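Using the hints, position chain W against chain F.
Given next are the chains, with one letter for each unit.
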Amino acid sequence: MQDLNRIRTDFGAGFVAFLWFNVLIVAALAILVSSSPPLVPLVGAVAIAAAATLTWRADRTSAATRIVTSMAAAGLVAIMVFELAGHPYQVDIHMYFFAMLAVTAGWCDWRALIAFAGVTAVHHLALNFALPSAVFPTSTPDLARVLVHAVILVLQTIVLAWITTRVEALFRSAGETIETVARAEAEASRLMAEQSAAAEREAARRAEVDRTIAGFRSDVDGLIARVRDLTARMNGETTRLSGLSANASRSAGAAADQSSTASSTVQTMAAAADEMAASIQEMNGHVGRTKSVVDDARDTVLRTTEDVATLASEAERIGDVVNIIQDIAAQTNLLALNATIEAARAGEMGKGFAVVASEVKNLANQTTRATEDIAQRISAIAGSTRNAVEAISGIATRIEDVQRSTASIAAAMGEQEKATGEIARSIGAAADGTARVAEISRDSTRAAEETNRSAEDLAAAVSEVVDAAAALERRIQSFVRDVAA
Amino acid sequence: MRATAIVALNALLVGTAMAAAALVPKSAEVAVLVAPGSAPEEVVSLVARAGGRLIDSGGRDWVAVAAGEDEGFVGRLYAEGAMLVIDPAGLFGCISGE
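Residue numbers (numbering that gives the first Met the number 0), protein chains in the order written: chain F, 0 to 484; chain W, 0 to 97.
Chain F on its own, in the form it takes in the complex (with noise of 0.2 Å):
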């Protein structure tokens, strides 16, 4: 490509001036030849090489470069044909579009061609039929002729097409060649200079290792040993928490024995307790038997009271009668002295009757004697009812009060079996509490033989990470040592 370009711009240079050149032919046309008036086509081949000439200044080689100063070549024949209408070389010049068309092929690119035919086609089809005169020497249209012309224009279009095609196709391969071989070169210097550079890295590499090692070893050689000395006190915490454990599962186990006597004392308790209760519902009834039993006495001693006024009452009404029989008894003695007194009046005649009135006096008297005795004995018998009266009150007062304290024995005996019921509740309250404590001590024993044990698997690993520190360091030492070889 770089060749192809070269011979571009090579010929992009030349074919600019080449333009000007024609600029020059159609002024020295319009002066020597034209019957027209020499300005316009002068003014119009100077614009056309003016503008083709600033395309390719702004671009040597484009394709727009090259299309553009092909169509100019065009324009400048086809205004050098205008030129020469009516002149009898006006059908030679014809021959200079096919020879600028040949030269239009130095672009080495089919494009340019096809604008160069495309201007001509366009010049000899439009103007054929606009301006015959202007294209050919003749005032009618003459078709046969731009046929001629066309087929000629196409077939050196065509084969110039292949060749530029064929010459750009091969610039094309050959540029790509030597840019392969280019590239390899480069690509060669490039990778040399990156194995010199690769070279130095390793070696700086290596001295960074070097150092690295020398860092690593110490490092290694310090975390070691504080790997020995955590381990050293990893293995007495182990065993101090061994110590600890035991001694927690010792503990734990004398709470469980400890919780469980109390537990069975509690169970003791708790079956006096329910023993009182029953010697207290005992009680309790033996209190109500000796209240009903009071009870009874009571009335008892009430009725006996009754009695005992009634036999006072009717005491004194004995007495009453004796003093009627006593007061009988002397009126009896009275008559009786009368009579004896009315019988010795009457001397012999009285005498039998006399004997029976001195009978009846002493009747009286017995009598009377007999009252006496009785109103003895009534009175004897008041002092007696009299005595019984005040013993009964006292037995009543002595009963009453045996009633209250039977009452506040009752009311006691009432108390002390809530007392008791407390008391047997607070009993079971305590067995749960003993139970539950029971229970705990057992987790508490299992958890610290679990403790133990952990604490001996803890103690076989510690020994494991100082055999596996040791062995780390024993392989840090010979990789180290491999490595700084």
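Read the hints as simulated data drawn from the structure, not as lab findings. Watch out, some of these pointers could steer you wrong.
[Unchecked claim] Chain W stretches covered by chain F per the calculated footprint, using a threshold of three residues with CB under 8 Å from any CB of chain F:
1. 17–25
2. 80–87
[Claimed, not checked] Restraint-style ranges between C-beta atoms, simulated for each label pair:
3. W:A66 to F:D58: 43 to 53 Å
4. W:A27 to F:T164: 29 to 39 Å
5. F:L23 to W:P35: 19 to 29 Å
6. W:A27 to F:W161: 41 to 51 Å
7. W:P35 to F:A49: 49 to 59 Å
Note that the coordinates shown come from a computational prediction; the quantities given were computed from them, not determined experimentally. Idealized CB from N, CA, C, for every residue including glycine.
Using the frame of chain F, we list chain W on its own:
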């Protein structure tokens, strides 16, 4: 896009230059065009004022084919108010189909 615009502009320029070269009067006979729709006497009197003579009517009221005797005829036609003075071959090309 820019390349296409450059090519199109250049093609327009080449076409314009070719058309101008084709239509420029090449002999003493020229086609004179005034404003389309003008009265017939407009173009006739214009040619007369420029000192030319009529050769053909031109087919339209605002067109005439005229001939002048000297070099300054075309310039005088423009000075008298002609819109366009071209080669009569172009005139036929343009409007011969009418």
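Hint check:
Beta-carbon proximity to chain F at under 8 Å applies to 8 residues in the region 17–25 of chain W; the threshold of 3 is reached and the given coverage holds. Remark: the region 80–87 of chain W is not confirmed as covered by chain F, as 1 of its residues place a Cβ nearer than 8 Å to a Cβ of that chain, below the required three. The given range of 43 to 53 Å is respected by A66 of chain W and D58 of chain F, whose C-beta atoms sit roughly 50 Å from each other. Distance hint check: the CB atoms of A27 of chain W and T164 of chain F are about 50 Å apart, inconsistent with the given range 29 to 39 Å.
In this structure the supplied range 19 to 29 Å is violated for L23 of chain F paired with P35 of chain W, their Cβ-Cβ distance being about 40 Å. Distance hint check for A27 of chain W and W161 of chain F: the Cβ-Cβ separation is about 49 Å, which falls inside the suggested range of 41 to 51 Å. A hinted range of 49 to 59 Å is violated for the C-beta pair P35 of chain W and A49 of chain F, which are about 34 Å apart.
Checked against the numbered hints given earlier, the structure breaks hints 2, 4, 5, 7 and satisfies all the rest.
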